[in-house]
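A.B. asks: As a plain string of letters, each chain reads:
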Amino acid sequence: MTENAQQNLKEYVTAIIGGQLFGLPIVRVQDVFITERLTRVPLAPPEIAGLLNLRGRIVTLIDLRRRFGLGEREPGQTVMAIGVESRGESYGLLIDSVGEVLKLDESMREPNPINLDARLARVSEGIYRLDGQLLIVADVDRVLDIAPNAMAA
Amino acid sequence: MDDLLREFVTETNESLDVVDVELVRFEQDPNNAKILGNVFRLVHTIKGTCGFLGLPRLEALAHAAETLMGKFRDGHRATSEAVTLILTTIDRIKQILESLEREQREPDGNDKDLIGDLEHMVGQLAPAAPPAAPQYAVGTLAPQVLERPLRPGEDSLDDLERAFRETPVDPPAPKPAKPAPGETLKDDDAKAANQSIRVTVDTLEHLMTMVSELVLTRNQLLEIVRQHEDSDFKVPLQRLSSVTAELQEGVMKTRMQPIGNAWQKLPRIVRDLSNELGKHIDLEMQGAETELDRQVLDLIKDPLTHMVRNSADHGLETPEQRRAAGKPEHGRIRLSAYHEGGHIIIQVADDGRGLDTARIKSRAIAQGLVSETDADKLSETQIHKFIFAPGMSTAAKVTSVSGRGVGMDVVRNNIDQIGGTIDVKSVAGVGLSFTIKIPLTLAIVAALIVEAGGDRFAIPQIAVIELVRARAGGDHRVERIKDTAVLRLRDKLLPLARLSHLLGIDTEPGDVESGFIVVTQVGSQSFGIVVDGVFHTEEIVVKPLSSKLRHIGLFSGNTILGDGSVIMIVDPNGVAQSLGTVAASQAETEEAAKSRHVAADENTTSLLVFRAGSPQPKAVPLSLVTRLEEIDAHKIELSNGRHMVQYRGQLMPLVSMNDKVQVKSEGAQPLLVFSDGARSMALVVDEIVDIIEDRLDIQVSGGDSGVLGSAIIKGQATEIVDVGHFLPLAFEDWFRNKDRPKLAARRRSLLLVDDSPFFRNMLSPVLQAVGYEVTAAASASEALAMFKAGREFDVVVTDIEMPEMNGFEFAEALRADPATAAVPVIALSSVVSLEAVERGRQVGFHDYVAKFDRQGLIAALKEQADVGRAA
Chain A
1 MTENAQQNLK
11 EYVTAIIGGQ
21 LFGLPIVRVQ
31 DVFITERLTR
41 VPLAPPEIAG
51 LLNLRGRIVT
61 LIDLRRRFGL
71 GEREPGQTVM
81 AIGVESRGES
91 YGLLIDSVGE
101 VLKLDESMRE
111 PNPINLDARL
121 ARVSEGIYRL
131 DGQLLIVADV
141 DRVLDIAPNA
151 MAA
Chain B
1001 MDDLLREFVT
1011 ETNESLDVVD
1021 VELVRFEQDP
1031 NNAKILGNVF
1041 RLVHTIKGTC
1051 GFLGLPRLEA
1061 LAHAAETLMG
1071 KFRDGHRATS
1081 EAVTLILTTI
1091 DRIKQILESL
1101 EREQREPDGN
1111 DKDLIGDLEH
1121 MVGQLAPAAP
1131 PAAPQYAVGT
1141 LAPQVLERPL
1151 RPGEDSLDDL
1161 ERAFRETPVD
1171 PPAPKPAKPA
1181 PGETLKDDDA
1191 KAANQSIRVT
1201 VDTLEHLMTM
1211 VSELVLTRNQ
1221 LLEIVRQHED
1231 SDFKVPLQRL
1241 SSVTAELQEG
1251 VMKTRMQPIG
1261 NAWQKLPRIV
1271 RDLSNELGKH
1281 IDLEMQGAET
1291 ELDRQVLDLI
1301 KDPLTHMVRN
1311 SADHGLETPE
1321 QRRAAGKPEH
1331 GRIRLSAYHE
1341 GGHIIIQVAD
1351 DGRGLDTARI
1361 KSRAIAQGLV
1371 SETDADKLSE
1381 TQIHKFIFAP
1391 GMSTAAKVTS
1401 VSGRGVGMDV
1411 VRNNIDQIGG
1421 TIDVKSVAGV
1431 GLSFTIKIPL
1441 TLAIVAALIV
1451 EAGGDRFAIP
1461 QIAVIELVRA
1471 RAGGDHRVER
1481 IKDTAVLRLR
1491 DKLLPLARLS
1501 HLLGIDTEPG
1511 DVESGFIVVT
1521 QVGSQSFGIV
1531 VDGVFHTEEI
1541 VVKPLSSKLR
1551 HIGLFSGNTI
1561 LGDGSVIMIV
1571 DPNGVAQSLG
1581 TVAASQAETE
1591 EAAKSRHVAA
1601 DENTTSLLVF
1611 RAGSPQPKAV
1621 PLSLVTRLEE
1631 IDAHKIELSN
1641 GRHMVQYRGQ
1651 LMPLVSMNDK
1661 VQVKSEGAQP
1671 LLVFSDGARS
1681 MALVVDEIVD
1691 IIEDRLDIQV
1701 SGGDSGVLGS
1711 AIIKGQATEI
1721 VDVGHFLPLA
1731 FEDWFRNKDR
1741 PKLAARRRSL
1751 LLVDDSPFFR
1761 NMLSPVLQAV
1771 GYEVTAAASA
1781 SEALAMFKAG
1791 REFDVVVTDI
1801 EMPEMNGFEF
1811 AEALRADPAT
1821 AAVPVIALSS
1831 VVSLEAVERG
1841 RQVGFHDYVA
1851 KFDRQGLIAA
1861 LKEQADVGRA
1871 A
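Chains as they are written, first to last, in the numbering used here: chain A, 1 to 153; chain B, 1001 to 1871.
Simulated from the structure, these hints should not be mistaken for lab results.
Remember, it's a predicted structure, so these values are computed and weren't measured experimentally.
Treat the hints with caution; some may be incorrect.
[What the hints assert, rightly or not] Distance ranges between label pairs, derived from CB positions:
| hint | chain 1 | residue 1 | chain 2 | residue 2 | range |
| --- | --- | --- | --- | --- | --- |
| 1 | A | Ser-97 | B | Gln-1286 | 55 to 65 Å |
| 2 | B | Asn-1413 | A | Pro-25 | 26 to 36 Å |
| 3 | A | Gly-18 | B | Arg-1550 | 25 to 35 Å |
| 4 | B | Gly-1533 | A | Glu-110 | 47 to 57 Å |
| 5 | B | Arg-1105 | A | Gly-88 | 28 to 38 Å |
| 6 | A | Gly-99 | B | Leu-1378 | 53 to 63 Å |
The beta-carbon is built from N, C-alpha and C at its ideal position, and this holds for glycine as well.
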C-alpha cells in the first residue's frame, strides 16, 4: 500500500451489457438503480431509451446495448441503470446487470485492438485482460456524446 | 452575536441596494423630498445599527454620508459630484460589509480619504445656505417623515436629528445612537418584514427534493391500494395525495422571483456609466414583476447587466453625435420582460447607432469564422449573429466599461445553459435590440394533458384556444381536401394534424374524424392538433430538455406530473412549423424537400389551390376563405340575371371567377365562400385542388383584373386571386355601404406597412375605395425612411408580424421621434390576443384590428379621422 501503488490503481464499476463486461470509472458513477415508469421520447435518437423521474430529477436513459451495437434487449426483464452526471444533467446508462467494483492497475490497460467494432472503439479507453474475460473501459463523456444530427433522418 | 451580525449584514446590504436605486432617482428628481427622506432614513438606520454593534469604520462613513445628505435636505441642490461621492461611500461600505461577513470583524484601515472628501463637499455646500449652520431644527429642515403622533417616551425627529449632529465625529467615540430611532422610523417596514422570513436557498432545494420523494412514495402507495379493491387505506390515502400535491405546488412557488430582482442594480450602473462616458442615458424598465425561477434568474442576471453596459458604452452615441444624427440627446435603454406563448421574453433595446456590420464582418473574417467569399453572401442579419462568437468584441477602443474580452459569447453560453435563445436585431442609426427567449424553462405553466399514441403529452394552455370534438355531420366537421384534413370551425378552416403522426408514433396519417381537436394558435397561424384523449389541466413546472433532446423542435421541455411520471411538453411553435412540412411531405420527394425548406422559413402562408376556367392553377390564401362548399347544381337559382343560392337562410350571390367558368347545371358545384360580417358571396370554381403551405412571393403582377399576380407554388406558376376584386361584384357597395368617411377637401394620406405583397395589394384598393391616398411600404425601415425624408401621412396602418423590425418596434420608433409621435398608428394583426393588444397600447398603437377585418379597419380609420378633425 505505498503511495505509488495507490496512484496506479483505478476503481471501476463493472457491468454486463449484451454478454460483454464493461468498466466505468467509479468517480463518475453516482448510483445504480432499477428503471421503472419510463417515458419514451418520440423522435429521439434510438440510443435514448426514455426519461424517468429519479427523486425529482429527470434522468435521460441511454440504452448501452443500442449505443454499443450489442443487439436488442429482451422485453420484460428488469433493467438496471448506472447513474452518471455530465454538465449538470443526469443520465442513466441502461445495462443488463451490474457486477463488482474492481481495482485495476492503470499500467495493465492495453490499447484497443484495431479490429474492435467501431461503435465500441469510439467509447473505449482501452482493454483489461481479466481471468477468462476482457473488460472494456468505457469513457463516460464519449458514451454520452450522442450527436443529435446522427439520428435526425 | 454571530446571528445578530449576519442579520445586520444581510439587512444592510439590502438597504444599500435600495439606497443605490433611490439616490439615482433622486439625482434625476432633486425636488422629490419623499425619495430623499427614504434614503436618509436608510442611511440613518445603518449608522445607528453600526454604533450599536460597535463598528466604527462603518459608522463614520455612514455618518459622513448622512451629513452630506442632510445638506440636500436643507435645500442644497444635489450635484452630480455629491451624489457620486455618496455612491462611492456606499460602495466602500459594501466592501467593508463583505469582509465583515468573511472575517466577522471590520477590516483594518481607515476611510480618512473618503470622509475628507465628504466633509470637503459639505464645506463647499455650506456657504450657499447660511441658515443651515447655526440652527438645527428650523422648520425647513425636514418634511415630517413620521406619519403618526409621537408615543410617550419617543423623541421627535428633529430632536433626534440634532442629537446626531451634535455628536462628535471622531470615529472611536461612543455614540448615543440607539437602534430606537431606526425602529421608530421603520415602523411600516417592520410590519412588512413580519410577513416574510429569510430562508436559505439550500433549505428550499432540500425541501423540493423531499417533496419529490414524497410524491413518489405516495404513488407507490396508490399503486398498492389500487390492487386491493376495498382497502381501508383508500380514503386517507386520497387525502394524503391531495395534500402532497398542494405541498409540491407550494414548494415550487417558493422558487419564483420577479425579474426586477435581477434589474435592481442596473439604474446605478447606468447612472455611473453615463457620468463616466459623458452620455445622457434614460433607463426604462417594463415588466419587472414577471416571475422567473430563481435558478434562471441567477443565470441571466450577469448577461443582462453585460448587455446594458454594452448598450450604454458602444450602442448609444455621445450627445453631440446624437444631435448631429437628429436624435434626442438622451439615449434610451429599454428593458422589458413578459410572458408570450409559453416563453418568457426579455428584451434589451437601445436607440443608439446599431451594430457596425462592416466591422463585425472584417472581424469575423480575421478570426477565421467565415471566409471572405462566404461573408459576401451573408445577409446583414447573419453577419450580426457573429457577435455571439468568441473573441468578437467590436469596441473600437477598450474602455473601463466593456471591451475587456468578455463578450456576447459568454452571454450566449449562459442563456444556452437554461435552454434559451438569444436573437439580435439592429438597424444602423436607429438602434439595437436583443431578445432573449427562455422557453418555459422552470416556469410554472398550466398545461393540457392529452393522450396520443398511448403516451401522455402536455400542451401549454396559453396556446390552446378551445377544445373541439369533431363529429360527422355536426357543425364542426372534418373535411378533406386531397390529403389534407381541415376542420370547419365556425367561420374558419383549420388545418389539422394528428399528434401521434407528427411525433412519428403512428406512421399512418390516421383518421382524424375521431378524437379531440385541440384548437391552437401560434402567431398568426391557427390549427388543430388531433389527440386521442384529453385528461385534465395541470400546473406544471417546466424543466429544460436534456441537451440530447433539445434538437427535437416539437418539444419545449419536460416535466414531472403530479403522479411522479415524466411527460414531454409539446411546443405549439414546433407543431406549427412541422404542419407545413407534413403537408409538403405528401407531395413528390424533391418538391417536398424544397417546400420543407420554404416551410421552415417564417413567412409561409396556407394557400388554397383551385382551378377555374383554365388548367393553370389559381390560389388564394386559406385565411381569406370562410368556407368551402359543394352544392347541388339544382339549387342554384337565377335571379335578375345573377346566380344565387339559398345558403343558411339567406340568398348568397355567386360570382364566376371569369367568363370561362361555367356555373354547372348538374352535379356538385364547388364554391369558395367569403364572408364579411353578415354577408357572404361565393366564387364559382371548377375544382378545388389542394391546400399548400408555401411562401407567398408574388412575382409578376397580373394583367387581368381579379388577379394580383403569379407566384411559383410547388414549382408551378399559379395565379394569385385578388379577392378584393370579386367582393364588389357581388354587392356593389361591399366596401362603401355605410362607413365611408365623408370626403374631406383633401384626400387623407395613409401609409400602409406590410411585408407581404399580397396584403399590400389586397388592402390598397380597399383603402383607396374608402377615400384614402395610399402609399405602401414593404418594411418598417422603408416606412421610417419615408418619414425621415419628410413625407407626411395622416395615418399609418401597419402589420405586426414583419421580419427585421416588427410593428411594435416600428410604432415605438415613430413615438420616439417628436416629428412623427402624433401620427395615429393602427395595427393589423392576425393575432388579436389580449396580451398583444395590451402591448400594442403600451407602444402607442391607437387601434388594433384583426388582419382580415376590413370593416373593423375602416371603422378604426374613421374613428381616427374623427379624432383628428376634433383635435
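A.B. asks: Using the beta carbons of Asn-1413/B and Pro-25/A, state whether their distance is inside 26 to 36 Å or not.
C.D. replies: The hint (26 to 36 Å, Cβ to Cβ) holds, given that Asn-1413/B and Pro-25/A are roughly 27 Å apart.
A.B. asks: Is the distance from the Cβ of Arg-1105/B to the Cβ of Gly-88/A consistent with 28 to 38 Å?
C.D. replies: holds, 37 Å
A.B. asks: The hint says 47 to 57 Å between Gly-1533/B and Glu-110/A; measuring C-beta to C-beta, is that right?
C.D. replies: holds, 56 Å
A.B. asks: 53 to 63 Å was suggested as the range; check whether the CB atoms of Gly-99/A and Leu-1378/B agree with it.
C.D. replies: holds, 54 Å
A.B. asks: Does the Cβ-Cβ separation between Ser-97/A and Gln-1286/B fall within 55 to 65 Å?
C.D. replies: Check passed, 58 Å falls within 55 to 65 Å.
A.B. asks: Evaluate the given range 25 to 35 Å for the C-beta pair formed by Gly-18/A and Arg-1550/B.
C.D. replies: holds, 29 Å
Hint violations for this structure: none, all hints satisfied.
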